[in-house]
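Student: The lines below spell out each chain.
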Amino acid sequence: MTRSPTRIALERLRRHPLAILGGVILFLLYLSAIFADFIAPYHYDHESRMNSYNPPTRLHFFDEEGRFHLRPFIYPYSYEFDKFYQRVYKEDRTRPYPLKLLCKGDEYRLLGIFKTNYHLFGVDEGARFYLLGADSRGRDLFSRLLYGGRVSLSIGLVGCLITFILGMTIGGISGYLGGKVDNLIMRLCEMVMMIPGFYLMLALRAAFPPELSSVQVYLLIVVILSFIGWAGMARVVRGMVLSIRETEFVLAARAQGVKDLSIIFRHILPNLLSYVIVSLTLSIPGYILGESALSLLGLGIQDPHASWGNLLAEAMNIAQIKFHPWILTPGLFIFVTVMAFNFLGDGLRDAFDPKAIAGRVRF
Amino acid sequence: MAIQDLLWVENLTKYFPIERGLLRRNVGQVKAVEGVSFVLKEGETLGLVGESGCGKSTLARVILRLLPPTDGSIFFEGINILTLKSGEMQRLRKRLQIIFQDPYGSLNPRHTIESIVGEPLSIHKLAKGKERKDCIVELLRLVGLEESSLVRYPHEFSGGQRQRIGIARALATRPKFIVADEPVSSLDVSIAAQIINLLKDLQERLKLSYLFISHDLRAVKHISDRVAVMYLGKIVELAKKEEIYALPKHPYTKALLEAIPTLDPVIKRRRFILSGDLPDPADPPPGCPFHPRCKEVKSHCKEIKPSLREISLDHLVACHGVV
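Residue numbers (my numbering), protein chains in the order written: chain Z, 352 to 714; chain V, 7 to 329.
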C-alpha cells in the first residue's frame, strides 16, 4: 500500500477535529452562498417599510387555545409608537401563518439557469418571516446575509487566487533567475509592503470614480486586495524557490539534462504546493476582512446589493445596536468564517508539515 | 592525452565572489578549487579525499558543468565540454552522471520511483511506454530493488535503498563516467559497504569510470585505483592506491592516514593528530596552504607555493619537504 505525500497529509488532517469543524462550517457557508436565492425566503431588495427594524420573528408551536401544532407558525407583527416615537412591534394574533417548506415567493433563477419562484421555506403573503430580524427598510436580514455571503466569500477565493498566481509567478521568476532581476523585483515588493495596507486600499479605491456598477466595484475590490497581497507572497515564494533550487534533487535533474522550465514546473513548484495550500487558506480571511472594511466605509459594495461589510455598516451607530441588536449578526458571520478558515488552515499546516511555519499575507 | 583517457581536467579553477552591502560590491573570492589537473582513464576509479570544505564537491559540480568554472578546461572523450553549447551539453549529459551524498535530499519527495528513475529515459528519449517501464524495472533489479518499488515514494525507503535508487537513476542513460559525490558518507558502515560493493560490481559489469569523492579513507582504499588528496582547493598528492597508503609523501596525507580509527593500541599511541582548522578559503595562507598545520614546516614553506611534481612514476606531490 503506497501513499503519496498529499494523501498522507489528508489522512493526518482527518485526525484534526478543529480543522474538520472549520471545513464543515465553510462547506455549509459556501453552499448557502451558492444556493442563496433558494434558501433565502426573500429577494435581497424585497423591502417592506412597514416592518422597519422588525425584530426576529417568533416561531410558535402552541396556538391561542394551547393546542400543539407540529408545523410551526408565526403571527404578523404590527407596531405602535412609544413616547420617543420609536416603533414598538407586537404580534398580531388574529391569524396564524404556518411556516411552509418550498413556499412560493420572489422569482429568481436557480444557479442562474432555472427560472423558479420556490424557496426553501417561507410564509404566505400577508405576513413577513424575519428569521434574524429586519433592517431599516424592512428587508429580511437573513436573506441579505446569504446574498452578502456570495460577495464576501467569493472575494476571498478570487482575490487569493489572483494573489497566488501573481505571487508564484513573480516570486518564482525572481528566485530562479536571481541576480539583478531578483534584486529589482524584491525592492519593488518591499515598496508595496512598506505602505500600510489599509491606507493603500483606501487610496487605490479613491483613485477610481465613485459611481461604478456593482460588478465593476466587485472586480475593483478584488484587484485592489490582490495588489496589496502579492508582494508578501512573492517574497516567500522567492525564498523557497531559492532554497529548493539548490537541493540535490534539482541538481540531479540538471545533471540529467532536464530543461529549466521543466525543472521549475516539475521539480520546484510542486514542492511549494503544501505551503501554498496552507497559506491560501490562512490568507482568505484577510481578503474577507478587507472587503468588509471597504464596504463598511461605503467604498465597496453599495446598497441595495449586500455584502457582509455593508450590512455591518448599519451597526455603526451605537443607538441602533442598543435598540436593534440583531443588526450585528453580519459581524458574527464574518467572525465565524474567519475562525473557520484559521482552524482549517492550521490543521492543513500541521497535516502537510508538522515542522513548517506558514506565513500569512499581510494587510 | 592518450587514447584511453576518458576525462582530462586541466588547471580547473572555481572562485566564488563574496559580495557585500547594498550595491553587492565584490570584496573578495572564495577559492574553492584552484588549478586542479588530473586524468581519468577508462574503467578506472579515482578516489578524491580531503576534509569538509576543501572543494571536493565543488570540483565534482564543475566537472559536470552544474557550476561554471572560473578557469581551466575539461575534456571528456576528447571533447572540451566547457565550450559546448547548451543543447550539445544536454546530449552529452547522458554519458556523465552523478550520485549525490544525501539520499534524502537527492530524490524529489513528490515523485514516485518510476518517475524518478524514468525521467532521464524520457528526457533523452531513450525509451517510452512499455519499453520504458521494462527498462526501469531492469535498472531497479540491477541495484537490488524489487519491481514493487515502482509506485512507491522516496519517503518509504531507507537511506541505503534510496542511495540505490539514486544509483539506478544515474545508470539509466548508460553513462561511461559517474561522479560519486560522497555516496556513502551519510550511511551507516554496513550499508556503506553494501553500496561500495554494488558500485564495484556495476563498474565491472558496465565498464564504468568513477570519480569517487569521500572523506572516508577506508572506503576510498576499497574502491579506488588511484587516489588524489585535496587540501584547500588544490591537489597535494596523487598516486596509485597501493603507493599512497603504504608510502604517503605529503605531511597532510600522512596525517589523514594516521587519523583512520584503529584498534591497535600501539599504533594509537604513535599517532599524530592533525590540529587546527582548515584555513579560510577566501584568505588562504601565503606559500604552502598547509604550512600553518604542518609538523614538518620549514621557513620557505611560508613564502613559496609548492607545485605538484612527479617524484616517482605516477606519484605526484606538492611539498617542498619531499625530495
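A few of these clues could be false.
As the list claims (entries may be wrong) - Below, computed lysine-lysine pairings styled on DSS-like, alpha-carbon distance capped at 27 Å:
no., chain 1, residue 1, chain 2, residue 2
1, Z, K610, V, K100
2, V, K91, V, K136
3, Z, K610, V, K47
4, V, K182, V, K260
5, V, K47, V, K182
6, V, K247, Z, K610
7, V, K139, V, K91
8, V, K227, V, K308
9, Z, K610, V, K182
10, V, K301, V, K311
11, V, K247, Z, K531
12, V, K134, Z, K610
13, V, K47, V, K247
14, V, K131, Z, K610
Treat the hints as calculated values from the structure; they're not laboratory data.
Everything numeric in this text was worked out from a predicted model, so none of it was measured.
Student: State for each hint whether it applies.
Tutor: Hint by hint, here is what the structure shows:
| no. | hint | result |
| --- | --- | --- |
| 1 | K610(Z) to K100(V) | holds, 14 Å |
| 2 | K91(V) to K136(V) | violated, 33 Å |
| 3 | K610(Z) to K47(V) | violated, 30 Å |
| 4 | K182(V) to K260(V) | violated, 33 Å |
| 5 | K47(V) to K182(V) | holds, 11 Å |
| 6 | K247(V) to K610(Z) | violated, 39 Å |
| 7 | K139(V) to K91(V) | violated, 31 Å |
| 8 | K227(V) to K308(V) | violated, 32 Å |
| 9 | K610(Z) to K182(V) | holds, 22 Å |
| 10 | K301(V) to K311(V) | holds, 17 Å |
| 11 | K247(V) to K531(Z) | violated, 47 Å |
| 12 | K134(V) to K610(Z) | holds, 19 Å |
| 13 | K47(V) to K247(V) | holds, 15 Å |
| 14 | K131(V) to K610(Z) | holds, 14 Å |
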